Amino acid sequence: MKTGTYIIITGLIFLSGITYPVFSQEETIISPYIQLQYFKDSDDLRSLKTTLTYSHDRIEIPLAGMSISFYSGDTGRELLGTVSTDEKGVARFELPQDQDLPVKNDGLWIFRTEFSGNDTIEAVVSDLSIKDVKLDMVLSEADSVKTITITAFTPGNDGDIPVSEEVVMIYVPRMFSLLPVGEAWLNEKGSASLEFPTDLPGDPEGNLTIIAKFEEHETFGNVERASQQKWGIPSVNPAPVAHRALWTKTPPMWMIITLSILLTGVWGHYLFAIISLIIIKRESKKQKKL
Amino acid sequence: MQADRKLLKDLTPELEKTSTGWYITFAVFMVFFIVGVYSLILQIDKGHIVTGMRDNVVWGFYIVNFIFFMGLSYSGALISGVLHLFNTGWRKPVIRMAELITVISLVIGPFFIFFCIGRLDRLYYLFVYPRIQSPITWDVIAISTDLIGCFIYLYLSFVEDFAILRDYTDLNVPPWKKKFYKILSLGYDGSPVQKKLLSRARTVMASMIIAIAIIVYSVLAWIFGVTLQPGWHSTIFGPYFVIAAVFSGTGLLIILMWIFRKVYHLEEYITKRHFVNVGVLLTVIAAFYGYFTFSDYLTKWYGSIKMDSILIDKLFTEYYTLFIFANYIGILLPGIIIALPRFRTIPNITVAAVIAVLALWVNRYIIVIPTLETPFLPIQDVRTEWIKYSPTWIEWSLTFAGVSVFAMLFMLISKIAPIISISEMQEKDEAEVLK
Amino acid sequence: MKEKSGDGSGESTRRNFIKKIGAGFGTVSIAGITGSSVISGSAKTKSGEKILLLSPEGKLVEVDRDDISPAGKKTADLKAEAKKGLPGHKFVMVIDLSKCRNARLCVDACQEGHMLPKDHEWMKLYLLQDDRHTARYWLPRPCFHCDKPMCVSVCPVGATYKRDDGIVLVDNQRCIGCKFCMTGCPYSARVFNWKDPEVVLPEGHVYDPETNIPPVEGTVGKCVFCADNLRKNILPRCVTACPMGVIYFGDVLEDTVTNGEETLRFSKLMTDRAGFRYREELGTLPNVFYLPPNNRMFPVERGLEGSDEAIKGRYKEVGPR
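Residue numbers (my numbering), protein chains in the order written: chain A, 167 to 456; chain B, 89 to 523; chain C, 240 to 560.
For reference, chain A alone in the conformation it holds in the complex (with noise of 0.2 Å):
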């Protein structure tokens, strides 16, 4: 049974070939596209992300179930750990909080992620030189101006080095994806303050969640400092949960009521006649007793 199937499933493997047409000949071997990234979310919790893909007819398809190992450390490579890419082809893996990791001279983080390949796809690897920061974001409100202000840091021999001249960005989740609301740019003092929109809609209390994140930046990766207010303007969902209309579960009253009179009408009309047919039945019984 094993058997059958994994040759009836190899046949069709080779029938879906036409499809892709990678596979029409067994050597083709496949070079697959590695991207390795770096989070660091709102609690301070480090993660790396490899996603594993290749292109075929300008489409990326995921490649799942792959083995990614992560290293981190340049001359003295550590293996940290090893997981198996998703549907999707990522590759999660979250870097232990007090670990201490190797640092080169320019306090850069070095990270690495590699495919060891197999018969059909190529080996690959992918490089990530990091370096800490640290993200704050100060909400503060005065005549209903809302103002957020954030700093940069990146922690130095004598101290905090100041993050100047780079570009924070700054999102409200939404159910799909992240609303840009606008971008700050910080000065020489690793600041930046930005006026918040009045106009944004929240939950139906007005609560928001407010990210400020360094995107995909070139040294300091995936950082994201949160934090909710009440900034925004309560949301009311206008449909109301149960009403009357031609659509709705209830009907309309006048179409309870139109309807009751009617049938009520008619039938009762109905058991008159029918009442009378039987008095009829009665009488004649009468008769045949006289």
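Calculated from the structure, these hints are not laboratory results. Take the hints with a grain of salt, since some may be wrong.
Claimed, not checked - Pulled a few chain A residues facing chain C out of the computed Cβ check, cut under 8 Å: (1) THR364; (2) PRO367; (3) PRO370; (4) ASN403.
Stated by the list, open to error - Partial pick of chain C residues on the chain B-facing surface, computed with a CB cut under 7 Å: (5) SER392; (6) VAL393; (7) LYS418; (8) PHE419; (9) PHE431; (10) LYS434; (11) GLY552; (12) GLY558; (13) ARG560.
It should be emphasised that the depicted structure is a prediction, and the values quoted were computed from it without experimental measurement. Beta carbons: idealized from backbone N, C-alpha and C, even for Gly.
For this one, chain A is given, so just place chains B and C on it according to the hints.
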């Protein structure tokens, strides 16, 4: 119950014996019926893809037939009901036929709806999960009510006749028929109390039938009228359909009068006078029907609303012949034949009625299908059957099967109850005697 | 019915097998996703159990078992959830007519995601020209999920219903196939299953009105705004499949729409680009808005190239009506 011997002699032979001709005709209709059953099985098995309906024209022959048969049921409401209330004397020989048309077409009509429903196994959902905001639910309620009401009304008219037949000792029928008359006559024997009860019940039901019939047909019209589709979204649809229904019902009555008069030798009872009277009724209604049709299309044609213009265009090009037949010939020809005394003969009037009935079927077709072929978003497809509706043999065969069932039911009932109501005719004689 | 499911014992055999072939077992809809989408994998696969499925096109699809049927949920529960919807949201779609070039990837993604036969187009592409002086334009038309839906009003058995989040669904187990909703909809958004669609269902599949799989013979189907995806905060399939980012989807209450790459404020998009609705005067209050086809990205004719004859033939007689 006693009855005039002459009436009994003239009107009961059909209950006693059946001619070979009857059997042959019945067999022919039976063949059509069986072919219809076969095509229905095919449709249920293979799905509605075997019909000509596709995603735009989702309602085809079946709905046209449904409206048509429901419309025929109007003859009973009018001839029987209205004229009963006005106590018109001349209608008495044709009452029974009219009432039978009503009931039989009310039984057949819903079957065409069933043919159109995609999931017959879920039909009962209409009664278990009804939504009263939907015109189809209104239709279900109205048709059920109408059906029951017409059955009651028909039965009320049978009671006296069954009593007469029960007491007609010379009646040469098998014992089961005699028992049948005995049971169903409810022991009626013409006593004043019973007579009064029966008469009052009949009057009450007559007025109900008229009201219900108007409601049923208006509800049917609103299934189309409340949608937004061009051609259907017309305020006139309610009364328009009612008039058209009366028109078709009256036409069919004339046809049946002619058939039964010939076959059952009832020349003495159904005379030229009856044909002329019902014919005049037909002409008057034709005038109303023509007026409504003209009004509807004039307002559509005159205004510049794009979708209306596209529809009118389609009617005058692709559907030209059908349109002229239904809305000109169907109205003018019967009118001319009956209006001019020179043409007023029994065969001519019957021909006029045939044309009227056919024209009305085509009129329903022209209302339903061209609208569905001109939706707001144009049909952009390469397959012809998705662009233009063309019925398949299955739809034709089910149409003929429906007509055959109508005929067969009529033929069967004419063997159980006299096709002219003996008690009604009797009343007439008594009234004349009293004078 | 052919069904291929994991043997259970073949875990390592399957892994080896997958490694050997190295084929991308993603569905075409995933293929459109680029790295910028906010979807992340996890350190481990979900349940660890992958299933090889055969899609109607004969393509092998590997899906995590959890994605097929939520563990233990029965149809009755799913239907109750489907009726309730996602309260607190009101979904809206914006289609940018200036970018559409009839690529038809939206149609393909929709058909694949809902296991539709090839002639069922829940998303349909029209080529319209209102008048000989006005421009021709491609109009992608999903179901509009109107706020005053004619189709819901006329359904006699309540098989189609509108939820509080705005989505109109069809319950294929309640539908009796009377097709009144199809004549009620002025936008021809519904399709009918005239014959048995003969769909190969995955094992353990439970009917859920939010995915509306499989199409049922004798019942009506239509675009459902991928309500199953919305529950997982994933965009509808047509949105992610469009290579030009023509379709934006979002929530009016959040005042945000996104096409997978750009996220914009809905109110601003409407004002800046003068959005409108198709045939506003019909009063059904659709929840799909259009952005007018000005400053086009492509000439209209681009849409006629590259399609097969059956598709091209549809638009031969396009002109003012």
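Does the nearest C-beta of chain C fall within a distance shorter than 8 Å of the C-beta of ASN403 (chain A)? Check passed: Cβ of ASN403 (chain A) comes within 6 Å of chain C, closer than 8 Å.
Taking 7 Å as the limit, does the beta-carbon of LYS434 (chain C) come near enough to a beta-carbon in chain B? Holds, because the Cβ-Cβ distance from LYS434 (chain C) to chain B comes to roughly 4 Å (cut-off 7 Å).
Interface hint outcome for PRO367 (chain A) [beta carbon to chain C under 8 Å]: 5 Å, holds
Interface hint check: PHE419 (chain C), Cβ to nearest Cβ on chain B, cutoff 7 Å. Holds or violated? The hint holds - PHE419 (chain C) has a Cβ within 7 Å of chain B, the shortest such distance being about 6 Å.
Report holds or violated for the interface hint on THR364 (chain A), using the least CB-CB distance to chain C and a cut-off of 8 Å. The hint is violated - THR364 (chain A) has no Cβ within 8 Å of chain C, the shortest such distance being about 13 Å.
Let's test the interface hint: is any C-beta of chain B closer than 7 Å to that of ARG560 (chain C)? 5 Å, holds
Residue hint PHE431 (chain C), partner chain B, criterion CB-CB below 7 Å: Holds, because the Cβ-Cβ distance from PHE431 (chain C) to chain B comes to roughly 6 Å (cut-off 7 Å).
Is the shortest C-beta separation between PRO370 (chain A) and chain C less than 8 Å? 7 Å, holds
Proposed interface contact between GLY558 (chain C) and chain B, which counts if any beta carbon pair is under 7 Å: 10 Å, violated
If you take the shortest Cβ to Cβ gap from GLY552 (chain C) to chain B, is it below 7 Å? Given a least distance of 4 Å, the restraint on GLY552 (chain C) holds.
Checking hints one by one. Is VAL393 (chain C) an interface residue toward chain B, by the C-beta closer than 7 Å rule? 5 Å, holds
Can the hint on LYS418 (chain C) be confirmed by a CB-to-CB distance to chain B that is less than 7 Å? Check passed: Cβ of LYS418 (chain C) comes within 4 Å of chain B, closer than 7 Å.
Hints 1, 12 from the list above are not met by this structure, while the remaining hints are.
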